[in-house]
Amino acid sequence: MITNRIVTSEKSLTKEDFESDQMVKWCPGCGAHAILKSVENVFPEIGYKKENFMFVSGIGCSSRFPYYVNTYGFHGIHGRAAAIATGVKLSNPGLSVWIATGDGDSMAIGGNHFIHIIRRNLDVNIILFNNQIYGLTKGQYSPTTPIGGITRTSPHGTVEHPFVTAGLVMGSQGTFFARVLDTNIKMMNEVMFEAARHDGTSVIEILQNCIIFADKTHAKVTEKEVRDDFQLHLRHGERMLYGKNMEKGIQLKGTKLQGVTVGLNGVEMEDILIHDQYEKNPGLHRMLGKMGPPDLPVALGVIRSAEFETYDDMVEIQIESAREQSEIKCMDDLLKSGETFEVK
Amino acid sequence: MDKKSSLKEKESVVIKFAGDSGDGMQLAGTLFSDTAAVLGNDLFTFPDYPAEIRAPHNTLAGVSGFQVQIGSEKIFSSGDLCDVLVAMNPASLKTNLKWVKPGGTIIVDSDAFTEKAFEKSGYHSNPLSDGSLDVYKLIRAPITTMTRESLSHMNNVTARAADRSRNMFALGIITFLFNQNIEATFKFLEGKFSSKPLVLEINKTLLAAGYNFADTIEAVESTYKVPKATLKRGIYRNISGNVATAWGLMAAAERSGRPLFLGSYPITPATEILIEITKHKALGAKVFQAEDEIAGICSAIGASYTGSLAVTTTSGPGLSLKSEAIGLAVMTELPLVIVNVQRAGPSTGMPTKSEQSDLLQALWGRNGECPAIVMAASTPANCFYYAYEAAKLSMEHMTPVILLTDGYLGNGSELFRIPRVSDLPEIKPPIASANDKSYKPYKRHPETLVRQWALPGTEGLRHRIGGLEKTDISGTVSTDPLNHQIMVQIREAKVKKVADIIPLQKIEGEKSGDLLVVSWGGTEGSIRTAIREMQKDGKKIGHAHFNHIMPLPRNTGEILNSYKKIIVCELNNGQFLKYLRTEFPEIKYLQYNKIQGLPFFTGELVDKFNQLIEEKQS
Ligand code: SF4
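Those protein sequence lines, which keep their order, are chains L and H.
Heads up: the first sequence begins at 6 in the working numbering, then just goes up one per residue.
Heads up: the second sequence begins at 512 in the working numbering, then just goes up one per residue.
Mixed in with the good hints there might be a few duds.
What the hints assert, rightly or not - 20 Å max Cα-Cα, derived EDC-like pairs, lysine to aspartate or glutamate:
#1 H/Lys792 with L/Glu321
#2 H/Lys739 with L/Glu347
#3 H/Lys790 with L/Asp338
#4 H/Lys739 with L/Glu344
#5 H/Lys790 with L/Asp337
#6 H/Lys948 with L/Asp22
#7 H/Lys790 with L/Glu325
#8 L/Lys30 with H/Asp991
#9 L/Lys341 with H/Glu701
#10 L/Lys261 with L/Glu273
#11 L/Lys20 with L/Glu50
#12 L/Lys30 with H/Glu980
#13 L/Lys249 with L/Asp300
#14 H/Lys703 with L/Glu332
#15 L/Lys20 with H/Glu970
#16 L/Lys349 with H/Glu584
#17 H/Lys1119 with H/Asp1025
#18 H/Lys792 with L/Glu325
#19 L/Lys341 with H/Asp934
#20 H/Lys790 with L/Asp318
#21 H/Lys948 with L/Glu24
#22 L/Lys55 with H/Glu970
#23 H/Lys792 with L/Glu329
#24 H/Lys790 with L/Glu332
#25 H/Lys612 with H/Asp1118
#26 H/Lys792 with L/Asp337
#27 L/Lys55 with H/Asp947
#28 H/Lys790 with L/Glu344
#29 L/Lys55 with L/Glu24
#30 H/Lys743 with L/Glu347
#31 H/Lys948 with L/Asp26
#32 L/Lys16 with H/Glu970
To be verified - Covered stretches of chain H (in silico footprint by chain L; criterion: 3 or more residues with CB under 8 Å from a CB of chain L, positions within the stretch not fixed):
#33 545 to 558
#34 747 to 761
#35 766 to 774
#36 796 to 804
#37 812 to 826
#38 969 to 983
Quick caveat, the hints were computed from the structure, so don't treat them as lab data.
From the three backbone atoms N, C-alpha and C, an ideal C-beta is built for every residue, glycine too.
Pulled out of the complex, with its shape left as it was, chain H reads as follows (with noise of 0.2 Å):
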C-alpha cells in the first residue's frame, strides 16, 4: 500500500459513530468493534440511541450514536472523550462535539451540510468553515456524492437506496484510519447479509470505495494502529449486558434441571432480555410477554411454585409495579429472580439514559417486613456470571433475588471470554421428593433455613401456600402474633445467612490507608479506569466494587474500618451511601454523585480523588 500518512502506535482509541436514527450507525459501529475484536483487540461499545424511534431528518432528537473504545490493554468502558467523530450530518456533529478530545479527528459527511440541515439542526453559520472546528482534525468526505457514484454502475440501485448506505462508506473510512483488515469486515458482512446478496455487494463495494477515498486523499495525516491485546488463552465473543444476562439465567437453567420461565413486559431497556430469550425456544424457555409488568411477574411465581426456574425482567417503573408481587415471593418462599434494568428516574424519566437510582427500592420498596437478596452485575460480560448466582442464589435459598443492572450495561458491549456450563458452580435446588411422609411446607433446613420447593403434580406432597402469613413448619394460615413475629425474623435470618455463601469482597489497590472508593453496579468500568490512571501516576488508592449487596459480603465492615477517608460513589443521589450508613453508623463517609443519565468520566473522578488525597495532605 502506498502510504502517504504516518503510522501511529495507540494503546487505546475511542471512535464514536454518530448520524440520523436512519444512517445505520449501530451496524457501523457494530462491524467496527467485531472486525477490531477479532484482530485482537479488547473493546467496550455503548449505543447511545434516541428516545424516538424516528424522529425528524436532521434534527438533534434524531441523533443516534455508538461509541467503541478498542484498546491493547483491558478496557473497561467505553471511554469519556472520543478520538474520533464520524458525524453523518450537522445535528449529529452539534450533539457530539462537547464529547470530541481537543485535537481529535472529525470526519463528516460535507454533502450533508447543507442551509437546510444547519436550521434543523439550530446552526446559524457552517461550522465546517467559520473556524469553530479549528482546534480539531477534519476530514470533509462527500460521502453522500461518492456512495452515488460508487454505486452507480449498478443499475438496479435507486439513489435512496445508496443513501442508506452510506454507512459503509464512513466506516471504509474509519477501517483505513486504523488501519483494520478489510477482508475481516468484509467477513462479517458476508455473514450477515448472506441472504441478501444485492445488500452484501452494495456494503462491500462501499466499504472499499471509502477506504480507497481515505487512501488516495490528502486530509488523512496519519493512520492509528491499536497493537493486540494480551488477552488470557480461550474462546471470546463481544457481548451486550443483556444478552449476557439472557444467556447467564439460560445456563442456570441447563445446570439446575429447572426449565427457565420468563414473564414480562416489554420495557426499555430491559426488552433485550426478553427478546433474546425468547429467540432460543429451541432450549426450552418457555416466554410469556405478559399483558403487564404485574403478570408478568405473577406468571413467573406460578411458574415457580410449580417448579421452573422463574425470571421477570423490567426497569425502574416497572419494579414499582412488581413490588407487591415481590412480596408474595417473599412471603411463599419461592425462588425469584427480578432483573432491574435500571434507567433515569423517577417516573418515566429518561427512559434510554442509563442511572442507578432504583437501589433503595429494592432493597426497601415493598410493605411489610420484606427481605430479599439484592445483587449488582458491573459490567456487560459479567451479567453472565451475576445472572447465574442470582439463579443459583434463587433457587437455592427458595428466596425473590433482585438484580441490579442499568442501561449502559444492558447495552454495552465487551469481549466475553466463553466458559463451558459444566465449569460453572453446580446448582442443587431443594426439591422435595415424592411421598415424603415428614414433608411440611415451612420445615426448614436448620442451617441455611431453607424450606423445600414442592411441585404440584409430585405424589403425597399436595399442600397450599400463599400470601397470608405461615404458620411455622406447617405452613397453615396463621394471624398468631408471636408466631408472625418469629416468621419475620426467619425470613430477615434466611436472606441475612446467604452472606456466608457470597464471597468476601475484594479491593483494588492499597488494602488499608488514606482512601477508599466504594462503588457499586455499572459504575465498575468508569472508576476502575479512573483508579488505574491514578495507580499509575504513584497515588495510593483503594477501590471496593460491591456486586453483593443485601446481604453484604461478610467484611464490609473490617474494610470500611480500614481507611482514614471513604468516598462513595454513584450515578444517583447517594443511595448506597444511605445503605452503608444504616449497615455501618460509625464510618464517616464522603459522597460523589452524578445524575445527569451519564457514566462517570475518568477525568471528574481522577480530579475528585486526587483532591482528596491533597486535603489529607495539607
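This is chain L alone, in the form it adopts within the complex (with noise of 0.2 Å):
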C-alpha cells in the first residue's frame, strides 16, 4: 500500500486560483497555450491544497511554464528539472509535484535524469511538451526529430534516429505513460487528471506544435485527412478502435500487432485487443507505445498505468523503521555513542 502523503484542500478551488499575474510569452498559435488551459482546468479538480502544488522546469520554451500558473515554481536549468524535483519531493513528500519539459531537455541534456526517475518511480508527473525540435534556441533538431528532419543545424537532413517517448519511458521501467495532442484538451484534461492520481513517476507526453520552428510537425497524425487512420484513443477495458467508422482495430498476430478490419478476411470483433492499462507486465503497453505510422496508428490517451512501490514512500517507511529501532534519538546520543573516554 502506497501512502500518499499530499496535503487536501478543505476549500473547493476554481481555476482563477492558478492564474498567475504574468504575461505569457509563447508565440500566438504555439501549442503549450493549450497545456497551460489544461494544467488550471484540472488542478482545482485533483482536491490538493492550492499551496501544495510546485513546478519545476529546466530549459527550453515548455520550462517557462512555471511563471504561467500560480503554484509555487522552480525555473531549474538545462535538463536537471528532474534531478531538482527529485529533491523537492524527498525533501516534502507533502507537495504535489510536477514538471514541465521539453524533448530536448529531457531526453538530450537531461537524459540521465529522466531516466533514473521513471526507473526510482518518484511520485511526480512530468508533463513533456513534445514539438521535435528546439524552440528557444531557434530551430535545432533535437532526440525526437524524425530522421531526414530538416532544421537548422540539419540542413541536408538529420541522420540522427529519433527516440520514441514512450520507448524511453517503459525502458527505463515506467510505470505511467500518457499520449495526448495539444488539440485535445478534453484528452489533455483526462489524462492530467489520471496522471495525478497515479503513484509513481507520470510521463505525459504532449504531441506539441511548435508554429515557428517545426510546424506540423505531427501533422502524419493530426491532419484532417489522415487523424481517423492513425490515432487509436485508448480507453482502459475498451477495445483499441480506430477508423472513420470504429471499423478499424489491433490484433496481436504472433509477437507483433497489427491493424486490421473487423468483418474482413475473417477478423472478428473478439479478435481485437482490449485495453488493460493496469497491467504490470509492460510487453503491450510497450508495443502500443511504439506504434505509429505508416503502418499503425498513434495510440492515444493512457497506455501505460501500473502500481508499483514509489521511491519517496520507500524512504519513508525505511526512516519511520530505522527512528522506531535506533536508540539514537539526538546528535548528543550519536556523539556519546561507540568509543569514547573521558579525561578528568
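Fit chain to chain and form the complex, with the hints in mind.
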C-alpha cells in the first residue's frame, strides 16, 4: 500500500486560484497555450491544497511554464528539472510535484535524470512537450526529430535515429505513460487528472506543435485527412478500435501488433485487443507506445498506469522504521555513542 | 613481567603499519590508535590506501598503509618519518623504507620474504640479509609461521583464515613495544567482533601470541612509553575528518530545526561522508545517492527550496560538474553546503592523494559574477565545527557555501572533544511567515541583504524563482540593464558582508615582525608542528592559518602589513597566493609549494623558514 502524503484542500478551488499575473510569452498559436489551459482546468479538480502544488522546469520554451501558473515554482537549468524535483519531493512529500519539460530538455541534456527518475518511480508528474525541435534556441534538431528532418543544424536532413518517448520511458521501467495531442483539450484534461492520481512517475507526452520552427511536425497524425486512420484513442477496458467508423482495430498476431478491419479477412470483434492500462507486464504497453504511421495508428490516452512502490514512499518508510529501532535519538546520543573516553 | 629490555620514555612516536591490501593494516592501525587514545595519548592518524581495491598480491601497487602519531603533547599531524615500521611483505618495506627515521625500528614478517615476493616487488637481493637495513633496528619475526602455530589448537581454522589474521600478531608485537595495556585492545576487539565469537577468539589469541613473542625474544632492545597527554577535561573520541564533517552537518540540522538532505554521487575521497550520513537515517537525514554529480547538487537545490538544510558532497572533478548548478543556487539565493574533499588533480589526477588545488575553482570557477562563501577546515576534528558553521552561514545568509577539506583531513583522524549540541551557536534561518502580505521573494534584510526563505506548502507565499535574472525585490524575471548591475552588486555585497559575522583572523606566535607564515586548510597541523619546533629553538615567527577564505576576516590586510616577509605555503602551485595578490596587491609575498600528493613535512618547512630568517640577518 502506497501512502499519499499530499495535503488535501478543504475548500473547493477554481481555475482562478491557479492563474498567474505574468504575461504568457509563448508565440501566438503555439501548442503550449493549450497545455497551460488544461493545467488550470485540472488542478482545482485534483483536490490538493493550492499551496501544495509545485512546478519545476528546466530550460526551453516548455520550461517557462512555472511562471505562467500560480503555484510554487522553480525554473531550473537545462535538463535538470527531474533532479531538482527529486530533491523537492523527497524533502517535502506533502507536495504535488509537476515537471514541465521538452524533448531536448528531458531526452538530450537531461536524459540521465529523466531515465533515473522514472526508474526510481518517484511520485511526480512530468508534462513533456514534444515538439521535435529546439524552439528557444531557434530551430535545431532534437532527439525526437524524425530522421531526415530539415532544421537549422541539419540542412541536409538529420541522420540520427530519433527516440520514441514511450520506448524510452518504458525501457526505463516507467509505470505511467500517456500521450495526447495539444489540440485535444478534453483528452489532455482526463490524462492530467489520471497522472495526478497515479502513485509514481507519470509521464504525459504531449505532441505539441511549434508553429515557428517545426510547424505540422505531427501532421502525419493530426491532419484531418489522416487522423481517423492514424489515431487510436485508448480507453481502459475497451477494444482498441479506430477508423472513421471504428471499423478498424488492433490485433496481436504472433509477436506483432497489426491493424485489421473487423469483418474483413475473417477478422471478428473478439480478435481486437482490449486495453488494460493497469497490467503490470509492460510488453503490450511497450508495443502500443511504439506504434505509428505508416503501418499503424499512434496510440493516444493512457497507455500504461501500473502500480509499483514509489521511491519517496520507501524513503519515508525506511526513516520511520530506523527511528523506531534506533537507540540514538538525537545528536548528543550519537556523539557519545561508541568508543569514547573521559578526561577528568 | 620479566623485562629483558629497557624502558624509554618518548614525547611522541610515529608508527606505520604497512602490508598488502588484504593484510588488515587499517584494522591493526585503528586498534592501536583507539587503545592509545583510551590510555590517554593524543594522536593523529592517516590511512594511505592504494587506488586499486585489491591490486595483485605482493606488488608495490597493492601496498596499504596506516600511519599514526601518538604523543604526550598536542599532536597536529600523523608525522613525517616513522619511528617504527611494520612491513608485512617485501613490497611494503620497499615503498615505505624512505619514510623510516635512520635508526628506527622495522618489524618484518620474515616468512613473507621469499624469492617469489622479491621478484614481484622488484628486489634483486634479500633486504633482510644484504646489509641494506643495517642502519635500522630490524626485528625479524616469522609472523606467518607463528600465527599458524598459535592457532593450531583450533581445528576449525584453516591456514588461509589464519594468514588473514597475521595483522593481530603484528599488533601484539607493537602492543608490547609501546607498553600498551593488552586488555584495553581486547576490549575493542570484543566490541568489534561481539557477534563473531570465532573471529574474536582468533584475534585475541594472536594478539596475545604476538605480545608474548616480543616479550620473549632478545631482538627487542628497548620498549617505549608515551606518557599521558594533558588534555582538557571532557569526553573524547577518535574521529576522522569525513565523519566529523557528516556529524557537523547533522548537528546543524538538529540545531536549526531544518531537516538534513544530502544529494551526492560516490567519489573518492568524499564518499565516506555520504556513507556516514546514510547510517543515521534514524536522525531524519534524507540521503539521495544520485545518478551523477549534477543530480546530486540539483536535488539538493530542490530540497533547499523546499526548506531542508541541503548538502552535496564531492571531490574536485565533481565540483567541476556542479559549477553550473552552484550558479543556480547563487541566483536563487538558496542555502546550500557544497563539501569538496580535495584530491590531486587535474582531471582524475591522483584520487587517493591529497592536494589543495581546488581553491580557485571554489572561488571563481563559475560563469557570470557568481560569489559564494568559501571556507576550509584544517584538522580532522574541526571539520565538525566548520561543517556546522558552513551550514549556519549558508542558511542564515541564504547563500551557497563551499567547504573545502581534503583527502588528508577526510581520511585522517584525531581526538575530538565532544561538544553538547546545546553549546553550539544557535542557527536562525530567515523563514518567511505564512500569509505575510509584505513577502516579496527578493526583498532583503536591510543590513545583511539576506532574502527570506518561503517554503512550499506555506499559505499565502506562492512564488516562482529560477536561474533567470531577477527584478530587485519582486523577484520577477528581468533583463533590465540597470537592474542586472544592481543585482550583481547586491549578490557580491551580501557575501562580503559575512565578514562582519566571522571571527577575526588569529595569529600563532609573533604578532608582527620579520616572518609570517600564511597557510590555509588541511596544512595547519604540519605547519604548526614546524612553527612550534622553531619556537622551541627561540626563533621569532608568526603563523596565520586561514579557515575563512571568501570573505576573508576583516583584519587580514592589517596582519599582512605587520611583517617584513610573508611566505604563503600551500599544497598547490600558489592559489591562495594568487587570491591574496588580488585582494592585497600592495604586499610582497614569497611562496612555498609542494604538489606531490603528500603533506608538508616538518623538516622541509623548518629548513625553509630558517633560511628566510637567516637571509634577513646576513
Ligand atoms: S518557438 Fe515554438 S515552441 Fe517555442 S513558443 Fe514559439 S511556437 Fe512555441
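message = Output the indices of the hints that this structure fails to meet, ascending.
response = Violated hints: none; all satisfied.
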